[in-house]
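Undergrad: Next come the chains, spelled out residue by residue.
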Amino acid sequence: MSLRADLQIIQKWIQPGSRVLDLGCGEGELLHYLQHNRQVRGYGLEIDPDNINACIARGVNVIDKNLDHGLDNFEDRSFDTVVMTQALQAVHYPDRILEDMLRIGREAILTFPNFGHWRCRLYLGTKGRMPVSEFMPYTWYNTPNIHFCTFKDFEKLCHERSVRILDRLVVDQTHRSSRLSAMWPNLLGEVAIYRVTR
Amino acid sequence: MSRFPADSVGLVSPQRHVFTEPLQLACGRSLPQYELVYETYGQLNASRSNAVLVCHALSGHHHAAGYHSEDDRKPGWWDACIGPGKPIDTERFFVVSLNNLGGCHGSTGPSSIDPETGKSYGGRFPMIVVEDWVNSQACLADHLGIDCWAAVVGGSLGGMQALQWAIAYPERLRHCVAIATASKLSAQNIAFNEVARQAIVSDPDFHEGDYAAFGVIPKRGLGLARMVGHITYLSDDAMGQKFGRELRSERLNYDIGSVEFQVESYLRYQGQEFSERFDANTYLLMTKALDYYDPARTHGDDLARALEPVSAGCLVISFSTDWRFAPARSRELANALMAARKDVSYVEVEADQGHDAFLLPIPRYVQALRSYMNRIEVDA
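Quick mapping for you: the protein sequence lines, in order, are chains A and B. Mind the numbering: the first sequence is residues 1 to 198 in this note's numbering, read in order. Mind the numbering: the second sequence is residues 1 to 380 in this note's numbering, read in order.
Bound-form chain A, shown alone (with noise of 0.2 Å):
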């Protein structure tokens, strides 16, 4: 089975018989991957019906859950791992998510896209309009994606947060790292992967 690159990222900084909380996560291709190449246990939360049934039918469990309803159903320290891939930039308040994830468990990865792209800051720059496309397709009005944030925005909170951040990998749409995006990771990085830890 091949693993979508991100996830196959995401995998390795994850220890082998550890439990795992996916949040927002999808079809649970990484909750299934991981259960059964990782003896890891763990649960997914997801929204949309299609996904859920998805993940129920591929026998990873999975929890019907808005995720702006907050996490107070988890105790403390109850996950080695909280992941979230790619819906940072959804939920209505990314801080306490953060906060959330970092009180259930021991750490958190995270990924997200970098609105401090130059090819947003340029469409911004040049036609004065919020960015859309191939990878960002929604309008202002329509887009699920309601807190757009740069690299250096997220690390800001965390520092703010006293968040410490153990491994961050940028990398670009098709999650391939290159020379260029390490050394100007907010200009030139797509999308990043943060673990990071309190």
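The hints are simulated quantities; they were obtained by calculation from the structure and are not laboratory data. Glycine included, every Cβ here is placed at the ideal spot set by N, Cα and C. There may be inaccurate statements among the hints.
As the list claims (entries may be wrong) - To give a feel for the contact side, a few chain B residues facing chain A, derived at Cβ under 7 Å: (1) 251; (2) 254; (3) 335; (4) 343; (5) 344; (6) 345; (7) 346; (8) 347; (9) 348; (10) 364; (11) 367; (12) 368; (13) 371.
Given chain A, put chain B in place with the hints provided.
TA: Just chain B, lined up with the frame of chain A:
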């Protein structure tokens, strides 16, 4: 050529078994012997690993799928989900559905003859609770040679039985499917049951449960109990859509007695019809069983601790407008299962039919159940 649909289990007939080992009950009494009526659909495989137990709700019984005769108008109560190619696929599974102890559809219950007196038990029938049902179902499993169910499935009060199976006999089921249920009733829920019971016991024909000896049945009380129950099984929206303020005739009568609104007519019909086919003592017993169930009570009200023994994978399903067994109760159960580190999936289905939704073929619900059941491994 059968006139039944291709995805129906077709003609079925109930079976019965008399158990002669006494059954010790939670109330302290015991039943020296008892009879259970059940139906089965599909074939038990050679390794006996494909058996699914279906547990019924308050007014349910053993006839869950198929037809009893060629001219039966309606199939069993859960025919929407049990049959060839249906979510509980009888091509794969051997399905067992019984009438619970204390019931009024053939299993030993208040209207059965008490061997000690030679008369019907009536009000003297012992109180039966969820735990007792599960113990008696385990005896039925023994009789059928089923060591371990592929799944135990139930909605509402049936969901409580599925949950109790997972707690009491962890080695005897691989999966637990608990639909539109709760690990315990709320005060409001118990209150509705109490109104229903008071309606029955205050009927002059009740005679402290001995109505059979007097040759009467407390029809008014039982009908009223059903009317109250029925309101709580539907959502405000569902009732609104079905009846609105529709009148039976153009003119208002300006009196108390006449049935004017369609919803009144409907409720009276439901009450009336139910009072002719259901037993009042059974209704009292079943509502009490609902009220009593609370596996966390003996674990310091800590549900996660009560769920400690569970080893089955669990599927919990709730319906958005179900206010009798609200989604919040199912979430509690799913959360406690997660806190106890059990395998669980939870689905909250948007549906405007209230508690009744669990009996209806709502696409998302049926699909989730199908996906879950399809994942359950069975030997060919």
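Undergrad: Determine which of the earlier numbered hints do not hold for this structure and return their numbers in increasing order.
TA: As far as the earlier hints go, 1 and 2 are violated by this structure, in ascending order.
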